[in-house]
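Just so you know, the protein sequences line up as chains A and B, in that order.
Under numbering that gives the first Met the number 0, the first sequence has 443 at position 444, and the numbering climbs by one with no breaks.
Under numbering that gives the first Met the number 0, the second sequence has 214 at position 215, and the numbering climbs by one with no breaks.
Bear in mind the hints are in silico, worked out from the structure with no lab data behind them.
Every residue, glycine too, gets a C-beta built ideally from N, C-alpha and C.
Misleading hints may appear alongside valid ones.
To be verified - According to the in silico footprint, chain A covers these stretches of chain B (three or more CB under 8 Å from chain A): (1) 8–20; (2) 54–61; (3) 360–374; (4) 400–411.
Chain by chain, the residues run as shown.
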Amino acid sequence: MLSQNILNELIKIVGKENVLTSKEDLITYSFDGTADVPHILPDVVVTPTTKEQIVKIVKLASQHKIPITTRGSGTNLSGGTIPVENGIVLSMLKFDKILEIDAENLVAVVQPGLVIQRLNEAVAPYGLIYPPDPGTVTTATMGGSVSECSGGLRGLKYGVTKDYVMGLEVVMANGDIIRTGGKTVKNVSGYDLTKLFTGAEGTLGIITEITVKLIPAPKYRRSMLAIFDNIENAGKAIADIIKNQVIPATLEIMDNVTIRTVENYAKIGLPTDAAAILVIEVDGSVEQVVLNEFDTVQRICKEDGATQIKIANSDKERDSIFAARRAALPALAQVKPTTVLEDATVPRSKIPDMLKALDEIAKKYNLKIGTFGHAGDGNLHPTILTDESNTEEMERVHKAVDEIFKVALELGGTLSGEHGIGMAKAKYMELQFGKEGMAVMKKIKDALDPDGIMNPGKMFGGN
Amino acid sequence: MATMYDSLDAVKAEILNCMKCGNCQEVCPIYLEEKKEGAVARGKIKLVDAVLKGDLEYTEGLAEKLALCLTCKACVKHCPCGVQVDKIILAARSALVKKKGLHPIKKAIFGTLKRPGLFNMGMKTGSMFQGLAFKKHKTLNGAYPRFPFGLDMRRIIPPLATTPLRNLLPEVIKVDKPVKKVAFFTGCTMNFIYVDAGKALVDVLKANNVEVIIPKDQHCCAMPVLAHGDSDTVKEMAKSHVDLFSKLDVDKIITACGSCGSMFQKHYLEIFEDNPEYYAKAKKIADKIMDISDFIVKEIGLDESKLGPVNMKVTYHDPCHLNRGMGVKDSPRQILKAIPGLELIEMKHADRCCGSAGSFSLTHYDLSMSIHKHKIDNIKATKADAVVTGCGACIMQLGDGMNRFNHNVPIYHTVEILAKSYAAKKKSEKSAS
Numbered sequence: 000m001l002s003q004n005i006l007n008e009l010i011k012i013v014g015k016e017n018v019l020t021s022k023e024d025l026i027t028y029s030f031d032g033t034a035d036v037p038h039i040l041p042d043v044v045v046t047p048t049t050k051e052q053i054v055k056i057v058k059l060a061s062q063h064k065i066p067i068t069t070r071g072s073g074t075n076l077s078g079g080t081i082p083v084e085n086g087i088v089l090s091m092l093k094f095d096k097i098l099e100i101d102a103e104n105l106v107a108v109v110q111p112g113l114v115i116q117r118l119n120e121a122v123a124p125y126g127l128i129y130p131p132d133p134g135t136v137t138t139a140t141m142g143g144s145v146s147e148c149s150g151g152l153r154g155l156k157y158g159v160t161k162d163y164v165m166g167l168e169v170v171m172a173n174g175d176i177i178r179t180g181g182k183t184v185k186n187v188s189g190y191d192l193t194k195l196f197t198g199a200e201g202t203l204g205i206i207t208e209i210t211v212k213l214i215p216a217p218k219y220r221r222s223m224l225a226i227f228d229n230i231e232n233a234g235k236a237i238a239d240i241i242k243n244q245v246i247p248a249t250l251e252i253m254d255n256v257t258i259r260t261v262e263n264y265a266k267i268g269l270p271t272d273a274a275a276i277l278v279i280e281v282d283g284s285v286e287q288v289v290l291n292e293f294d295t296v297q298r299i300c301k302e303d304g305a306t307q308i309k310i311a312n313s314d315k316e317r318d319s320i321f322a323a324r325r326a327a328l329p330a331l332a333q334v335k336p337t338t339v340l341e342d343a344t345v346p347r348s349k350i351p352d353m354l355k356a357l358d359e360i361a362k363k364y365n366l367k368i369g370t371f372g373h374a375g376d377g378n379l380h381p382t383i384l385t386d387e388s389n390t391e392e393m394e395r396v397h398k399a400v401d402e403i404f405k406v407a408l409e410l411g412g413t414l415s416g417e418h419g420i421g422m423a424k425a426k427y428m429e430l431q432f433g434k435e436g437m438a439v440m441k442k443i444k445d446a447l448d449p450d451g452i453m454n455p456g457k458m459f460g461g462n
Numbered sequence: 000m001a002t003m004y005d006s007l008d009a010v011k012a013e014i015l016n017c018m019k020c021g022n023c024q025e026v027c028p029i030y031l032e033e034k035k036e037g038a039v040a041r042g043k044i045k046l047v048d049a050v051l052k053g054d055l056e057y058t059e060g061l062a063e064k065l066a067l068c069l070t071c072k073a074c075v076k077h078c079p080c081g082v083q084v085d086k087i088i089l090a091a092r093s094a095l096v097k098k099k100g101l102h103p104i105k106k107a108i109f110g111t112l113k114r115p116g117l118f119n120m121g122m123k124t125g126s127m128f129q130g131l132a133f134k135k136h137k138t139l140n141g142a143y144p145r146f147p148f149g150l151d152m153r154r155i156i157p158p159l160a161t162t163p164l165r166n167l168l169p170e171v172i173k174v175d176k177p178v179k180k181v182a183f184f185t186g187c188t189m190n191f192i193y194v195d196a197g198k199a200l201v202d203v204l205k206a207n208n209v210e211v212i213i214p215k216d217q218h219c220c221a222m223p224v225l226a227h228g229d230s231d232t233v234k235e236m237a238k239s240h241v242d243l244f245s246k247l248d249v250d251k252i253i254t255a256c257g258s259c260g261s262m263f264q265k266h267y268l269e270i271f272e273d274n275p276e277y278y279a280k281a282k283k284i285a286d287k288i289m290d291i292s293d294f295i296v297k298e299i300g301l302d303e304s305k306l307g308p309v310n311m312k313v314t315y316h317d318p319c320h321l322n323r324g325m326g327v328k329d330s331p332r333q334i335l336k337a338i339p340g341l342e343l344i345e346m347k348h349a350d351r352c353c354g355s356a357g358s359f360s361l362t363h364y365d366l367s368m369s370i371h372k373h374k375i376d377n378i379k380a381t382k383a384d385a386v387v388t389g390c391g392a393c394i395m396q397l398g399d400g401m402n403r404f405n406h407n408v409p410i411y412h413t414v415e416i417l418a419k420s421y422a423a424k425k426k427s428e429k430s431a432s
């Protein structure tokens with residue numbers, strides 16, 4: 000509990016309407032998009048509207064060693080915005096302006112509370128896009144997606160958030176303001192602090208301004224859906240497409256459990272006996288190149304044993320192909336009350352091995368696991384369908400999750416491709432980085448946030 | 000089995016279905032203004048869940064949060080898991096009223112609604128004395144309140160009709176060789192305020208050779224009462240309507256307001272879930288309910304030879320309960336597009352709530368108007384000469400908003416435009432002969 004004096008100070012800084020303390024309000028900030036993590040109430044929710052206010056809040060928190068959990072839209076899937084040690088939840092949603100669109104330099108400067116889609120809408124008239132495309136693009140904030148380094152459906156060809164962050168302004172744990180990077184494409188001055196704060200999950204400081212790279216919007220695209228009756232063939236097709244030097248913008252996979260669930264939910268005519276479905280889209284700015292690439296992809300899928308290929312001949316048909324993929328998570332989520340969604344990621348060539356391992360894990364622990372994801376970049380989403388209130392089953396779920404991470408690491412992969420570590424995966428970090436690796440990270444954390452007030456309980460687990 | 004209005008347990012499955020993804024943030028008109036988790040669906044669902052789990056009492060704070068919902072169903076339509084958020088909200092409001100009682104002012108108002116005679120008389124008396132209370136606005140068909148009786152002083156309230164629709168028209172309107180026989184549920188706004196729209200609706204039915212019965216004993220559909228959680232009163236009002244309409248031998252029951260239609264189609268059934276006798280009767284009535292535009296397009300067939308020119312550029316606003324409640328969004332557009340001389344210009348976010356939500360605009364006036372401002376901005380951007388919509392409460396809100404944000408174009412019910420088109424054709428036929 001914070002003292003009334005501190006609450007009064009906060010009210011003085013941001014005004015009464017931007018300080019929430021009622022139990023009802025606090026409950027609504029005790030969770031985010033993550034399943035199977037504890038819900039914890041903050042002491043207060045503070046919504047700043049200016050940088051000056053943020054600095055004052057941080058100085059106050061630093062003086063009294065109050066934890067700050069910075070929050071955007073709270074759509075993350077790693078428990079990254081749950082206030083593990085109570086304290087202040089800092090809601091950035093009213094700090095949401097586009098400060099500059101510099102079309103000449105292909106750069107935009109935004110405040111962190113801006114919803115990603117608003118940036119895309121603002122740059123569309125210039126014929127530009129901001130490529131990172133997480134599933135939550137219409138709700139998630141720029142600050143949140145930079146802090147989680149989110150990925151999405153276009154990662155294979157266009158990269159992920161960190162590939163587009165050029166510069167940041169950050170309020171440090173002691174209230175200092177620093178600027179990193181800038182608008183120039185080339186910039187090797189000093190340590191690359193931009194990359195350090197990108198994906199730091201709010202554990203090192205509070206981002207107050209983001210400079211991002213924009214690219215010209217691709218003018219042409221062709222999409223298709225390829226159906227396979229065994230996983231190996233689908234995996235071979237994925238590898239062969241890349242081997243033939245075609246980099247699709249989208250290369251998504253759904254396994255049999257997902258296909259059956261989606262079909263049962265959306266009734267869109269998917270073959271429920273198929274082992275895997277690939278959703279593939281190629282795009283570019285030269286029509287002939289796009290068409291040639293599309294032909295190559297079709298040929299490879301056929302050669303690798305696709306039993307059926309559906310080509311989208313209109314925007315409407317494209318929408319229905321993508322609808323199948325987009326329905327994956329909601330369809331799976333309807334099967335059981337709790338949906339544990341992981342994002343363990345392996346090198347692309349190991350996708351068939353990973354899918355086989357997931358199948359075995361599901362059998363071993365007698366669980367229903369549907370897997371879909373971004374096959375092109377090796378980022379799979381094994382989704383365990385379960386029920387939080389069933390303690391016995393949840394024990395099996397946790398064992399299965401342990402094993403999923405172990406397999407992913409053995410195959411040369413990583414714990415998280417795009418969702419972040421947060422509180423959900425903190426305990427596995429040492430498995431990936433060893434004691435030495437964790438010690439280096441801890442030293443960085445301690446140097447920048449000696450009192451541990453920046454989003455405690457994340458990345459490193461509890462104190 | 001207890002209904003969702005008698006026990007929160009009945010909406011447990013809906014609550015469990017919410018995976019807290021936050022997609023509701025994209026479309027919730029209140030959240031987009033407030034930017035607070037307590038204002039959006041997943042936050043309110045979490046609160047109701049906390050009540051069910053015993054982590055939260057039925058507090059005043061909970062009531063305030065639950066009041067922050069327009070029941071516009073935008074989140075329901077958008078939810079990847081298909082969670083029926085409005086069910087959870089309505090059930091929780093009902094539980095709250097059962098636990099804590101109804102606010103005394105609401106109790107007095109709903110008490111009147113329950114006794115249709117008294118309500119109808121009150122509204123009629125109101126029309127005689129309204130000049131005392133409301134100052135007429137110069138250009139708009141509306142008036143500023145002169146005395147502050149709980150209404151915001153900036154608000155434009157349309158005048159009550161000197162004679163309500165149901166007193167103006169006979170109970171049975173016969174036609175030669177009728178192709179269909181329908182009952183017309185007028186709703187309060189058409190009966191007491193937008194009488195011209197009500198007359199237009201009857202004219203349109205007559206022009207299509209449809210016999211119309213306008214039962215005198217009908218009253219408020221009870222949506223405002225349901226929205227505030229007084230489900231016991233809803234039950235009484237619903238019973239009286241079910242009894243009244245069960246007696247009629249008609250093909251269809253016509254509504255001209257999505258909220259009234261949704262009550263008959265959906266909420267009366269929910270209310271009678273524990274009462275097989277009334278559920279069966281209500282179901283028969285529900286199956287007969289049809290919005291006027293759907294009736295014309297799908298049941299009668301839009302006869303283009305009857306349509307004369309209406310030279311106007313219009314834009315169409317989708318009422319939430321008509322669009323997402325009754326699923327009517329194409330028929331009004333088909334009617335408008337078929338009318339010669341009329342140009343339909345779609346506005347951005349035509350299906351976003353206008354912020355009225357019936358009495359929400361009374362209880363949360365400033366928030367309601369900040370939501371509404373986007374609607375007026377989108378209307379302005381179309382440069383249309385008029386706004387067309389299919390719900391009296393929306394018309395009321397649009398009228399107020401036009402005044403507040405300085406945009407003076409007329410607002411019509413879809414059926415009024417159709418009646419204009421029929422009249423234009425008749426006139427040209429007359430002058431030709």
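Please verify the coverage claim for the stretch 360–374 of chain B: does it have three or more residues whose C-beta sits within 8 Å of some C-beta in chain A? violated (count 0)
Are there three or more residues in the stretch 400–411 of chain B whose C-beta lies within less than 8 Å of some C-beta in chain A? violated (count 0)
Tell me whether the statement that chain A covers the stretch 8–20 of chain B is true, taking a Cβ distance below 8 Å and needing three residues at minimum. holds (count 5)
How does the stretch 54–61 of chain B fare against chain A when you require at least three residues with a CB closer than 8 Å, holds or violated? holds (count 5)
Violated hints, in rising order: 3, 4; the structure is consistent with all others.
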